[in-house]
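In order, the protein sequence lines correspond to chains A and B.
Counting from 1, position 416 in the first sequence corresponds to residue 416 in the numbering used here; the numbering is continuous, with no gaps.
Counting from 1, position 372 in the second sequence corresponds to residue 888 in the numbering used here; the numbering is continuous, with no gaps.
Don't read these hints as lab results, they were simulated from the structure.
Small disclaimer: the values here were computed from a predicted structure and weren't measured.
Some hints here could point you the wrong way.
[As the list claims (entries may be wrong)] Within a straight-line C-alpha distance of at most 27 angstroms, the following computed DSS-like cross-link-like pairs (lysine-lysine) qualify:
| # | chain 1 | residue 1 | chain 2 | residue 2 |
| --- | --- | --- | --- | --- |
| 1 | A | K404 | A | K229 |
| 2 | B | K564 | A | K195 |
| 3 | B | K578 | A | K153 |
| 4 | A | K229 | A | K423 |
| 5 | B | K858 | B | K669 |
| 6 | A | K218 | B | K734 |
| 7 | A | K63 | B | K875 |
| 8 | A | K48 | B | K711 |
| 9 | A | K213 | B | K920 |
| 10 | A | K218 | B | K939 |
| 11 | A | K147 | B | K939 |
| 12 | A | K359 | B | K966 |
| 13 | B | K663 | A | K78 |
| 14 | B | K745 | B | K875 |
| 15 | B | K875 | A | K450 |
| 16 | B | K734 | A | K187 |
| 17 | A | K195 | B | K578 |
| 18 | B | K875 | A | K62 |
| 19 | A | K450 | B | K870 |
| 20 | A | K62 | B | K578 |
| 21 | B | K594 | A | K31 |
| 22 | A | K342 | B | K858 |
| 23 | B | K711 | B | K858 |
| 24 | A | K454 | B | K875 |
2 protein chains.
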Amino acid sequence: MGTLKIDPEFELDSQLSSNTSHLLDPEEFRKQGHMMVDFLADYFHNIKTYPVHSLVEPGYLKKLLPDSAPNQPEPIEKILQDVQRDIFPGLTHWQSPNFFAYFPCISSTAGILGEMLTAGLNVVGFSWIASPAATELESIVMDWLGKLINLPKTYLFSGGGGGVIQGTTCEAMLCTIVAARDQMSDKVGRENMDKLVVYASDQTHFSFQKAVKISGIKPENFRAIPTTKATEFALCPESLSATIQEDIKVGLIPLFLCVTIGTTSTTVVDPLKPLCEIAKEYGIWVHVDAAYAGSACICPEFQHYLDGVENANSLSLNAHKWLFSTLDCCCLWVKDPSSLTKALSTTPECLRNKVTDSKQAIDYKDWQIALSRRFRSLKLWLVLRSYGVANLRNFIRSHIKMAKHFEGLVTMDERFEIVAPRKFSMVCFRFSPLALEKKDKFVDQDQVNKFNAKLLESINLSGNIHMTHALVGGVYMIRFAIGSPMTDYQNIDMAWEVIRNHANAMLDVKSTKMVQ
Amino acid sequence: MGTLKIDPEFELDSQLSSNTSHLLDPEEFRKQGHMMVDFLADYFHNIKTYPVHSLVEPGYLKKLLPDSAPNQPEPIEKILQDVQRDIFPGLTHWQSPNFFAYFPCISSTAGILGEMLTAGLNVVGFSWIASPAATELESIVMDWLGKLINLPKTYLFSGGGGGVIQGTTCEAMLCTIVAARDQMSDKVGRENMDKLVVYASDQTHFSFQKAVKISGIKPENFRAIPTTKATEFALCPESLSATIQEDIKVGLIPLFLCVTIGTTSTTVVDPLKPLCEIAKEYGIWVHVDAAYAGSACICPEFQHYLDGVENANSLSLNAHKWLFSTLDCCCLWVKDPSSLTKALSTTPECLRNKVTDSKQAIDYKDWQIALSRRFRSLKLWLVLRSYGVANLRNFIRSHIKMAKHFEGLVTMDERFEIVAPRKFSMVCFRFSPLALEKKDKFVDQDQVNKFNAKLLESINLSGNIHMTHALVGGVYMIRFAIGSPMTDYQNIDMAWEVIRNHANAMLDVKSTKMVQ
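Extracted from the complex, chain A is given alone in its bound form:
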């Protein structure tokens, strides 16, 4: 790369013939690969010294980089210096031990090694024949993981179902919606497509509505059923039932329900069992979105959240969120693979082969949107084997224990309050209205929300820790999501210190202002 000595003007000369072999010269790769490993190891050492939340302004990088690609090669040493100098300040460091924002997207040594292996082999496993191990390992590992979260046998290849690794939940949702749509369309006729109705709660991840929109379902037929504090913002079976009945009354056709195990805002768990029973009654496809919390179900004590899944049709979880598998790794299981492949399969002449024709093997291109696909199962296989199930459970439990610890800290300070029940490793809290009232007699919800929004902004701007927010039932809350691969109790304690300090500073300013 940096050491290539090729005259740029030297075009189509016979001496060029061997140059392409430089693209993947084993010894050049070895040299540069080792440099990159050291670069990353050093990054992990230093990660906590960077502001967690990037503080750059929009457009910062354009001012630093040239307008066009260089004509001449540049050495990897220089490029890595530029990564450090130009890219790092623009990063919000998701693997920092002080990152508590969004949901975690957890990397690990095994996950990164898996990505390295995937990139190095760089095979394209769209059909079995294109690189058989890619398909076979994926189906084996998906059965392994399905068993670990105690999915009924009907979701496993060994029981007539099966699993596939996609990029993200939205893709998994889109594929299952299209499968359900086409199945129903066969039954009721294409001309009734605009009568199909899709159900979710108002807490369902917005990716679902996006997937529904992409699939061409009539936007007006998307029902985001309101939830309330009474059910802790879980989807209420009676509300679902009533909504379905209203739709049927006006001649619409119930198609699809998305049930969430661990919502994004507050990790609410919808009651899967009664919801599935209702759905079954009306022949509705149920997809279980367990993007974040599904991974916790490798621990037996959380598996009860999946009770009733035997009556659902599909389930997805993001192993890149809480199963240490590095972005991206969305695991989707379906009970009836033929519904998926019927909607998504295409076998043009150029991809025909004996194995496909004889239906002896899976062609994963028919289980997803895209044709090409990376060999993602390698990293999941490496994660499961490198850590072992016992350790993986420990990791999950350890995160949950840290969340309990943080919950305790919040609870002990009477000025703060927990605003949603903690189920997993995320705590939703806020500076309480009562504490604000002590300083200022008249505070309404809006003022409390504004105070908490300012508190969060002030904390994030410090760069010490990073959190994000949610707004549920009119309440603005700060989300503290634990999961970075390097987070420990000292980070939790430090985070709490930061939060309190910023609150104190704000209150001081406020009281000063009031005195004025």
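Given chain A's structure and the hints, the job is docking chain B onto it.
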């Protein structure tokens, strides 16, 4: 990982608190990372010793691996041994210098290093704020590459358009179809959705039809316009025009046209300029699928194939195919980003932030199907900088020169024939009917096809080289696609030797049989 000593029964004990930090211990990562680099470097050294095309039977891996994930951790050394012993035999080696199948999916040192960096940083750049550098580098690099292939300024951010890196072409197609669909739906009303018609040629990649199907466009309204040998199987503007007029006559609404620059079967280039002019007349969205051949347009001598693109709406190319960027890296440019974001944007409360609200920056989640996205631009940046534009052009030209060399070899042997004009680095050939007739008076097309199919099967089963086939205009042809990062003239010469030997063997068997 392998060295972790955690008692599996030791659950939720206080001593567990620090265990999660093992997930990404910098020194453990360094040690294992170096092992993986050496493992891959050795693989690249030995790659040509493996059968290119895997010879395993369906289900081979299930017999080798356990039924469930291990409870205890396993050392990386053992896992890598298993990769070598159990996975390698099931791989078709896409980076082998003797791989000439499908289209190339070319890796490179820079591409793999980019993937390592992406996996190591593991940031999720769905919105600008989530990790600003991820968004900014992508938009800069997409402008760099857009300029390199000489896209009109209207496709660049600097000219009001813009680019995004998606996973695959099918995703890019789906996003643009949905953008066009929603734009048209606003104009003609949702109730007319079933009147929307989509156009392509019968040589268009099947991913397009799949994307159309997923988007909910009425399947009967997909027009795969027949092509003929007269236009070398390129889409004929007159045929397009006639098809559109017929549709309009019966009250349908033309929506979308996919034009291909380098078809999968034979690398045909559709005449972009006249096709765009027709489309413009009817207000049809034109997407240019340059998945394979688009990369060649970094060389000025191929840019004329994109003449007329100023009248198209979007263009995509797979940098993981022929721009050395490792799977996956599909570059999509659009002239009107707002049409894309209008169809795909969603900003729920939990992702709201000042930068998004003020529209100061791009949120790439609104340019694609999924929310989460990998930091893919790093590898494209590394590839462009590590090799430099001059070398990248040389690599492309070198592949084309090798293809010309192979074409020459085929042409010199009168028993073989070239069956489609070679435009880039792929040669379509077959054992010729005339040569077969010498041995057997009566050969029809079907017999010639069968002979060539058998020839290909025999070659692939040898494991020496790997090619795939196409069937165009009734003619079965063998595709010889050059692009592996280690392929050199000696591999081409050897491949030709293998092909001739297998043909000779088949002819010998055949003549023996005839004598009998």
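Outcome of the hint check:
no., hint, in the structure
1, A:K404 x A:K229, "22 angstroms, holds"
2, B:K564 x A:K195, "57 angstroms, violated"
3, B:K578 x A:K153, "17 angstroms, holds"
4, A:K229 x A:K423, "16 angstroms, holds"
5, B:K858 x B:K669, "22 angstroms, holds"
6, A:K218 x B:K734, "14 angstroms, holds"
7, A:K63 x B:K875, "19 angstroms, holds"
8, A:K48 x B:K711, "57 angstroms, violated"
9, A:K213 x B:K920, "47 angstroms, violated"
10, A:K218 x B:K939, "44 angstroms, violated"
11, A:K147 x B:K939, "51 angstroms, violated"
12, A:K359 x B:K966, "22 angstroms, holds"
13, B:K663 x A:K78, "24 angstroms, holds"
14, B:K745 x B:K875, "50 angstroms, violated"
15, B:K875 x A:K450, "22 angstroms, holds"
16, B:K734 x A:K187, "16 angstroms, holds"
17, A:K195 x B:K578, "44 angstroms, violated"
18, B:K875 x A:K62, "17 angstroms, holds"
19, A:K450 x B:K870, "14 angstroms, holds"
20, A:K62 x B:K578, "51 angstroms, violated"
21, B:K594 x A:K31, "24 angstroms, holds"
22, A:K342 x B:K858, "30 angstroms, violated"
23, B:K711 x B:K858, "22 angstroms, holds"
24, A:K454 x B:K875, "21 angstroms, holds"
The structure does not agree with the numbered hints 2, 8, 9, 10, 11, 14, 17, 20 and 22 stated previously, though it agrees with the rest.
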